[in-house]
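Kindly generate the complete structure, drawing on both the sequences and the hints.
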Amino acid sequence: MADENKNGKNGNQASLLVKVKAGIKEDVQSLKTDLPAKAKEQIEGLKDPTKTQVYTSIFRHKHDDTPRNRALGVLSNVFLHLHPAKINRDAVRYSYTWGMGGITFYLFMVLTFTGVLLMFYYHPSKVQAFRDVLYLEHDVPFGKILRNMHRWAAHLMVIAVWLHMFRVFLTGSYKKPREFNWNVGVILLVLTLLLSFTGYLLPDDQLGFWAVTVGTNMARATPLLGHEGPFGKMLGMTPYNDVRFGLLGGSIVDANALLRSYIWHCIGIPIVASIFMIVHFWRVRKDGGISGPAPVMLAEEADKPRKKVE
Amino acid sequence: MDWRQLWDIASTPDNVPIVGLIPLLAFYCYLAWKQAKANDELIGELEANPAMAKTHHRKTWPFRPGWQKEIHVWPFLLRIEFLAAIIVTIVLMVWSITLNAPMEEPANPNLTMNPAKAPWYFLGLQEMLVYFDPWIAGVVMPTLIIVGLMVIPYIDTNPLGSGYYTWKQRKFSIGTFLFGFIILWVAMIIIGTFIRGPGWQWFWPGQTWDHNRLIYEVNIDLPDIFGIASNLGKIIFGAVIVGGYYLLGGFVVHALFRRYNPKDYQRMSLLQYSTMMIFMLTMIALPLKMMLRLAFNIKYVWITPWFNV
Numbered sequence: 021m022a023d024e025n026k027n028g029k030n031g032n033q034a035s036l037l038v039k040v041k042a043g044i045k046e047d048v049q050s051l052k053t054d055l056p057a058k059a060k061e062q063i064e065g066l067k068d069p070t071k072t073q074v075y076t077s078i079f080r081h082k083h084d085d086t087p088r089n090r091a092l093g094v095l096s097n098v099f100l101h102l103h104p105a106k107i108n109r110d111a112v113r114y115s116y117t118w119g120m121g122g123i124t125f126y127l128f129m130v131l132t133f134t135g136v137l138l139m140f141y142y143h144p145s146k147v148q149a150f151r152d153v154l155y156l157e158h159d160v161p162f163g164k165i166l167r168n169m170h171r172w173a174a175h176l177m178v179i180a181v182w183l184h185m186f187r188v189f190l191t192g193s194y195k196k197p198r199e200f201n202w203n204v205g206v207i208l209l210v211l212t213l214l215l216s217f218t219g220y221l222l223p224d225d226q227l228g229f230w231a232v233t234v235g236t237n238m239a240r241a242t243p244l245l246g247h248e249g250p251f252g253k254m255l256g257m258t259p260y261n262d263v264r265f266g267l268l269g270g271s272i273v274d275a276n277a278l279l280r281s282y283i284w285h286c287i288g289i290p291i292v293a294s295i296f297m298i299v300h301f302w303r304v305r306k307d308g309g310i311s312g313p314a315p316v317m318l319a320e321e322a323d324k325p326r327k328k329v330e
Numbered sequence: 038m039d040w041r042q043l044w045d046i047a048s049t050p051d052n053v054p055i056v057g058l059i060p061l062l063a064f065y066c067y068l069a070w071k072q073a074k075a076n077d078e079l080i081g082e083l084e085a086n087p088a089m090a091k092t093h094h095r096k097t098w099p100f101r102p103g104w105q106k107e108i109h110v111w112p113f114l115l116r117i118e119f120l121a122a123i124i125v126t127i128v129l130m131v132w133s134i135t136l137n138a139p140m141e142e143p144a145n146p147n148l149t150m151n152p153a154k155a156p157w158y159f160l161g162l163q164e165m166l167v168y169f170d171p172w173i174a175g176v177v178m179p180t181l182i183i184v185g186l187m188v189i190p191y192i193d194t195n196p197l198g199s200g201y202y203t204w205k206q207r208k209f210s211i212g213t214f215l216f217g218f219i220i221l222w223v224a225m226i227i228i229g230t231f232i233r234g235p236g237w238q239w240f241w242p243g244q245t246w247d248h249n250r251l252i253y254e255v256n257i258d259l260p261d262i263f264g265i266a267s268n269l270g271k272i273i274f275g276a277v278i279v280g281g282y283y284l285l286g287g288f289v290v291h292a293l294f295r296r297y298n299p300k301d302y303q304r305m306s307l308l309q310y311s312t313m314m315i316f317m318l319t320m321i322a323l324p325l326k327m328m329l330r331l332a333f334n335i336k337y338v339w340i341t342p343w344f345n346v
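Each protein sequence line maps, in turn, to chains H and X.
Position one of the first sequence corresponds to residue 21 (my numbering), numbered consecutively onward.
Position one of the second sequence corresponds to residue 38 (my numbering), numbered consecutively onward.
Incorrect hints may have been included.
Quick partial rundown of chain X residues pointing at chain H, CB under 7 Å, derived from the structure [stated by the list, open to error]:
id : residue
1  : Asn-76
2  : Arg-95
3  : Lys-96
4  : Glu-107
5  : Trp-111
6  : Ala-122
7  : Ser-133
8  : Glu-142
9  : Pro-143
10 : Ala-144
11 : Ala-155
12 : Pro-171
13 : Val-176
14 : Met-187
15 : Pro-190
16 : Tyr-201
Since the hints were made in silico from the structure, they are not lab data.
The C-beta atom is built at its ideal place from N, Cα and C for all residues, glycine as well.
Right, dumping it as C-alpha cells:
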C-alpha cells in the first residue's frame, strides 16, 4: 500500500489508519464476493446431498442400482449383515419357509419395545401391581393398547415358535449339519414359554394368580427336590426348602413370587434368550443357510455321498 | 345346545389364540401336504425311471435357463421381511384395538377360581394331571418332551427328506411327530380349553358349565381288580405290568420297525435304537393310560409307598 513505514519501529498513526482502512475494505469486498460464491457453491452441493460429508460419513457406499451396491447394502449394515449378500432364488419362497422364524424374532422385538414402555408404569409389589395395571388401562394415554399389544404379541409368539418348529421338522431341516441348531431352537422354545408364563402373574389378578399357582404347584411334586414328590420327604424336603420355595421365594404365591417372576420376565430370561438367539442365527449361517427347498433325493442315493444335482 | 356357553369359552380373550391356532395349523398342514405330494410324485417318477433320474431336474419348481441362480438379499429377501413385519404389526394393531387383554379381580388366595386353568399353552400338561400324578404330568413329562425333542436329530438316521417336504420318504418320523404335536399337544390343549369345565369335569362343547354337577365315579386301581391287597404284592404287580408293557411293547415296535423301516433299522446304532424305543413307548403309553382311565376308571397301575403310576 501507499504509505508504508520503512523504518519499522516508529510508524505514525496516519499510516496505521490507512492500513486498517484498506484491510476493512478488503474484508467488505470479500463479504461481497466470497460469501455469495461459497453460498452458491454449497447450495449447488445440497442439490446432491449424497456428496455431503455428513452423508458419506453415515453411508459408506453409493446406492445406485448396481450388483455391487446391493451386496454392500447388506454387508456394510450391522443389522442386515446377518444375511448373506446373495441367496438361492428358491430360498425366498414363502410356501417353503412360512416365515415363522423371522416373525418370531420380530414379535420378540415388539415385545421388548412394548415391555420397556410398560415397565415405566409398573411396580412389582403387592400393593402397587394391580393398581398400576388399572392405571395403565384407564389413565395412561394409549396404555390400554400398549398392554393389549404386549399380551397378544406374546401369545402370537408362542404360536409362531410352534409353527416354526413344525416347519423345520416337516422339511427335515434338523438333519445333518443342523442338529445342534435344532437343539438351540428347542431351548429357545422353552424360554419362550417361560417368558410367557412369568409374565402371566404380573397383573396380579385372579387369572394370573391361579394360573401360576396351578403351574408352580407341580414343582411340589418334583422327584427328589419337591416335598410332595417321590423320595422328596426322605431327602428332608419341606414346603420351606424345596424347589417350589426357590421358584416362588416363599411357600405361597405372594410378594416375593411377584418380584421373582418380574425379574425373570424382564431381565433374566430375555438376556438368556437373546444369547441363544445370537447363537441360533449365527448357526443358521454357519450351517449353510436355510435348508431348502433342496433338490429331492432318491431312495437308492440315500447311503451314497450326495452329488450335486440341480 | 348352549350356544351362549360355547361363545363364552371361545371369546374369552386368552382362549382366542387357540381359536386362531386351529385354522392356522390346518392351513399350514395343507400347505406342507401340498408340497409333500408334489415332491413325492416327482420322486416316484424318477425312481421308476433311473435313466430319467440321471438328467432330470430335482425340484417341483425347477430352475429354468435364463434365471439367476442366486438373487440379492437386497431387495428380494428384505422386501419379504419388511412386508411380513408390516402385516404382523397390522394384525397386532387390529387385535389390540378390538380385544382387550384379560384383567380380573385382584389376586385372592382365599377365592379359588373354578376351573383354575394354567395358561393355555400348558393346558395339555394340566390335562395329563387327570391321568397321572403331578410328578409325572408336571415334571417328568415336560422334561421328557424337551429331551425327546432334543434327541430327534441324533436318532433320525434317515438321510432322505432333508430340505424338502415329503411324506413317502419319512412316514415314520413325520407320523410320530404329527402324533406327538397334533394329538398329544394341540388336541390336549383344545380339550383343556373347550371341554374341561368346573371341577375339571368333562363338558361337551355347548353343554352348560354346571358348577354344582356331581359325577358319581369310583376309580379303582388295577391291582385291586386282581384282588392284590398287600403292599409288596402291589409293588411287584405294578412293576411287572409296567415292565411288561415296555418289554412287550418294545417287541411289537421292534417287529414293526424292522419290517417297515429296514433301512433305518440297519443304520441305527444300539444307543439310537433304544433311545427311540423308550421315547416311542412312553409316548404311546399316554393314550393307553388315558383309555384305561376314561373307559375303565382305572386310576393307578403301579402302586408303591413312594410313588404311583
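Task: Minimum beta-carbon distance criterion (7 Å), X/Ala-144 to chain H - done: 4 Å, holds
Task: When the least beta-carbon distance from X/Trp-111 to chain H is tested against 7 Å, hint result - done: 4 Å, holds
TODO: With a cut-off of 7 Å on the beta carbons, see whether X/Ala-122 makes it to chain H.
DONE: Since the shortest Cβ distance to chain H is 5 Å, the answer is holds.
TODO: Tell me if X/Pro-143 is really an interface residue toward chain H, meaning its C-beta lies closer than 7 Å to one of theirs.
DONE: 5 Å, holds
- [ ] Please verify that hint: X/Arg-95, Cβ, nearest Cβ of chain H, below 7 Å or not.
- [x] OK, holds: X/Arg-95 within 7 Å of chain H, min 3 Å.
Task: Hint check, X/Lys-96 versus chain H [nearest Cβ-Cβ separation less than 7 Å] - done: 6 Å, holds
- [ ] Using Cβ atoms only, decide whether X/Val-176 comes closer than 7 Å to chain H, and label the hint accordingly.
- [x] 5 Å, holds
Task: Restraint satisfaction for X/Ala-155 [CB to CB of chain H, less than 7 Å] - done: 5 Å, holds
TODO: Would you settle whether the hint for X/Pro-190 is holds or violated, based on the nearest Cβ-Cβ distance to chain H being less than 7 Å?
DONE: Hint holds; X/Pro-190 Cβ to chain H Cβ min 4 Å, cut 7 Å.
- [ ] So, X/Glu-107 near chain H? Judge it on the closest CB pair being under 7 Å.
- [x] X/Glu-107 check passes; min Cβ-Cβ to chain H is 4 Å, inside 7 Å.
Open item on the list: Tell me if the interface restraint on X/Asn-76 is satisfied: Cβ within less than 7 Å of some Cβ in chain H.
Closed with: 5 Å, holds
Open item on the list: Just to be careful: measuring from the Cβ of X/Tyr-201 to every Cβ in chain H, is the smallest value less than 7 Å?
Closed with: With Cβ-Cβ at 5 Å, under 7 Å, it holds.
Of the numbered hints listed earlier, not one is contradicted by the structure.
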